[in-house]
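Peer 1: If you read the sequences in order, they're chains A and B.
Residue numbers for the first sequence, in numbering that gives the first Met the number 0: 0 to 228.
Residue numbers for the second sequence, in numbering that gives the first Met the number 0: 0 to 323.
Incorrect hints may have been included.
[Claimed, not checked] Have a look at the derived ranges for each label pair, beta carbon to beta carbon:
# : chain 1 : residue 1 : chain 2 : residue 2 : range
1 : A       : N96       : B       : K5        : 48 to 56 Å
2 : A       : E20       : B       : K106      : 46 to 54 Å
3 : B       : L148      : A       : P103      : 38 to 46 Å
4 : B       : K19       : A       : T133      : 34 to 42 Å
5 : B       : E174      : A       : K26       : 47 to 55 Å
6 : B       : E183      : A       : D200      : 42 to 50 Å
7 : B       : A223      : A       : I6        : 33 to 41 Å
8 : B       : E174      : A       : E38       : 43 to 51 Å
Don't read these hints as lab results, they were simulated from the structure.
Note that the Cβ used here is the ideal one computed from N, Cα and C, for glycine as well.
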Amino acid sequence: MHPKTTISILSEYAISIAWEETISAQKHQHILWVKEMLEKANFPQFIVAIPSYHKMSVLFEEDVASILDVKERLEKWLNELYRNIPTNNTTLQQTVNQQIWEIPVHYGGVNGPDLTPLAAKNRIPETEVIRLHTQTTYYVYMIGFTAGFPFLGGLNEQLYTPRKASPRLKVAAGSVGIGGEQTGVYPLEAPGGWQLIGKTDFQFFKDLESFDSVIKAGDLVQFKSIENQ
Amino acid sequence: MLEIVKAGLNTSLQSSPRKKALDKGISMGGAADFVAAKLANLLLDQPEDLAVLEIVSSPFEATLVQNSFIAFAGAGMQWEDDQNRVFRAGSVAFFNKESRLTAKPTKEGFRAYLGIKSGFKSAFFEGSFSTDLRLNKGGSEGLVKKGDLLMPNNSIQSAHLNSPKLDMNWHLSHEVFSYVKLNEVRLIPTFEHQLFSASEIDRFKQTDWQVSSQSNRMGIRLVADKSEPFQSQKLYSSTVLPGTVQITPNGPIILMQDAQTAGGYPRIGQVIEADLPILAQKNATAFIRFNFITIEEAIAIKKDQKSILANMSQAIRWKYADEI
Chain A
0 MHPKTTISIL
10 SEYAISIAWE
20 ETISAQKHQH
30 ILWVKEMLEK
40 ANFPQFIVAI
50 PSYHKMSVLF
60 EEDVASILDV
70 KERLEKWLNE
80 LYRNIPTNNT
90 TLQQTVNQQI
100 WEIPVHYGGV
110 NGPDLTPLAA
120 KNRIPETEVI
130 RLHTQTTYYV
140 YMIGFTAGFP
150 FLGGLNEQLY
160 TPRKASPRLK
170 VAAGSVGIGG
180 EQTGVYPLEA
190 PGGWQLIGKT
200 DFQFFKDLES
210 FDSVIKAGDL
220 VQFKSIENQ
Chain B
0 MLEIVKAGLN
10 TSLQSSPRKK
20 ALDKGISMGG
30 AADFVAAKLA
40 NLLLDQPEDL
50 AVLEIVSSPF
60 EATLVQNSFI
70 AFAGAGMQWE
80 DDQNRVFRAG
90 SVAFFNKESR
100 LTAKPTKEGF
110 RAYLGIKSGF
120 KSAFFEGSFS
130 TDLRLNKGGS
140 EGLVKKGDLL
150 MPNNSIQSAH
160 LNSPKLDMNW
170 HLSHEVFSYV
180 KLNEVRLIPT
190 FEHQLFSASE
200 IDRFKQTDWQ
210 VSSQSNRMGI
220 RLVADKSEPF
230 QSQKLYSSTV
240 LPGTVQITPN
250 GPIILMQDAQ
260 TAGGYPRIGQ
270 VIEADLPILA
280 QKNATAFIRF
290 NFITIEEAIA
300 IKKDQKSILA
310 NMSQAIRWKY
320 ADEI
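One chain only, chain A, in its complex shape (with noise of 0.2 Å):
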């Protein structure tokens, strides 16, 4: 069986392709993988595609056909491309050169000011929310929100913690986070939602003329706690 999709209109000019909400790093390279075939398919009107843990979005210029029309021919370009393959296809699994990045963290105190309510919250010790942040190597969803903020799936289930009701106006550069499932890092001062629990000083950019972000999506992260040094 080929993976069931739903593709939806976002606006005049973007179209969502969302797979199951099943998540996992293994169809997430899938996903990366339609991204490819699109990019390379020289679609009509085609801007770009942004992966996301699920979904991709898709953008179109907007000068030719409307976006209905895209959407269909969206729809029947997906098909061919899951009837052209055998659903066994190793093809599927993307071969990007992984790289695994580590950050190292100041948690708690004035770099994470939710550290302390989030462990009352979830009833585990700081320590231990530093423990298991610490202790997974977490697969990057995607790049976004800001330029170089990776969004990390893989988070322990014990520090799950909702977003704050009222997203605070500015999160300081480097301030790393938990918003739901999900675990990232704010590379730039930004308005955010997500619980704060520590800070870095790692270079998330090739360079500031480009802000090309060092780590993709597909890369692995581990957070390291760099308290006791």
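Go by the hints and put chain B onto chain A.
Peer 2: Okay, now just chain B, sitting in the frame of chain A:
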């Protein structure tokens, strides 16, 4: 060429959006009121996406460093010069070197646009001349400050035969900017719409939402007098766009041009592109109501808006031709 004497709040050079860098997490950006920004160029009979100055309703002052034609568009500001000439939105005027242009905020509208013959010289970043105010890239590479010199883009040669006359006595009808007064924005229900209960959707539609003072080019936060919290399910973050309406437990946020590129609050709908200029012109305390329409209607409205702009552009060109 303009030398900035009083920069005002959040003044920047803006042009078309930068869609192709969204997968790097870079905001779309671009003029908040794209209709006014395009008109600021069309008034000068030049390509509609040249960089224009976007000024948020606040005291502004500039000196002309060389003779220039300037076009006025948008709302929220009352413009005059040191000769006591007053300039309404939808007009073009010639300024002698060393004249002084001042503006004070008015009650109605929130963003004014200044166009200059051949456009403002602007930095190019990721496919657009618009300023990214988070990265300080493109356009004016940050907010325009006191003392900045804004130059015309001399590399753009007068593409058209017609150039403005010194004594133009015409302007666009006031009606052109009447959208500034509208309080209803239309939106299409997008896929997370179904996560909301019928009563929540009714509440969303029937509330007169007030624009909070915590609103800017990133987003418009809305508040209501009797605001019960919304059920706001946790979701995996995915792409959000300018016009996306997210529902936080404390109320809706309409994402604007400089919004983040991904979000996890559930989305009740997407404001149609044609109505984004209405939102760009709302200051704090203004009221907004929402009305759901279909994507087919949204596409038709957008087509109409485009053809209205094209007709206006043609009328302006004829006006210039008449004056020769």
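Peer 1: Does each hint hold? Answer for all of them.
Peer 2: Verification of the hints:
| no. | hint | in the structure |
| --- | --- | --- |
| 1 | A/N96 with B/K5: 48 to 56 Å | 52 Å, holds |
| 2 | A/E20 with B/K106: 46 to 54 Å | 47 Å, holds |
| 3 | B/L148 with A/P103: 38 to 46 Å | 43 Å, holds |
| 4 | B/K19 with A/T133: 34 to 42 Å | 36 Å, holds |
| 5 | B/E174 with A/K26: 47 to 55 Å | 53 Å, holds |
| 6 | B/E183 with A/D200: 42 to 50 Å | 48 Å, holds |
| 7 | B/A223 with A/I6: 33 to 41 Å | 34 Å, holds |
| 8 | B/E174 with A/E38: 43 to 51 Å | 45 Å, holds |
Of the hints listed earlier, there is not a single one the structure fails to meet.
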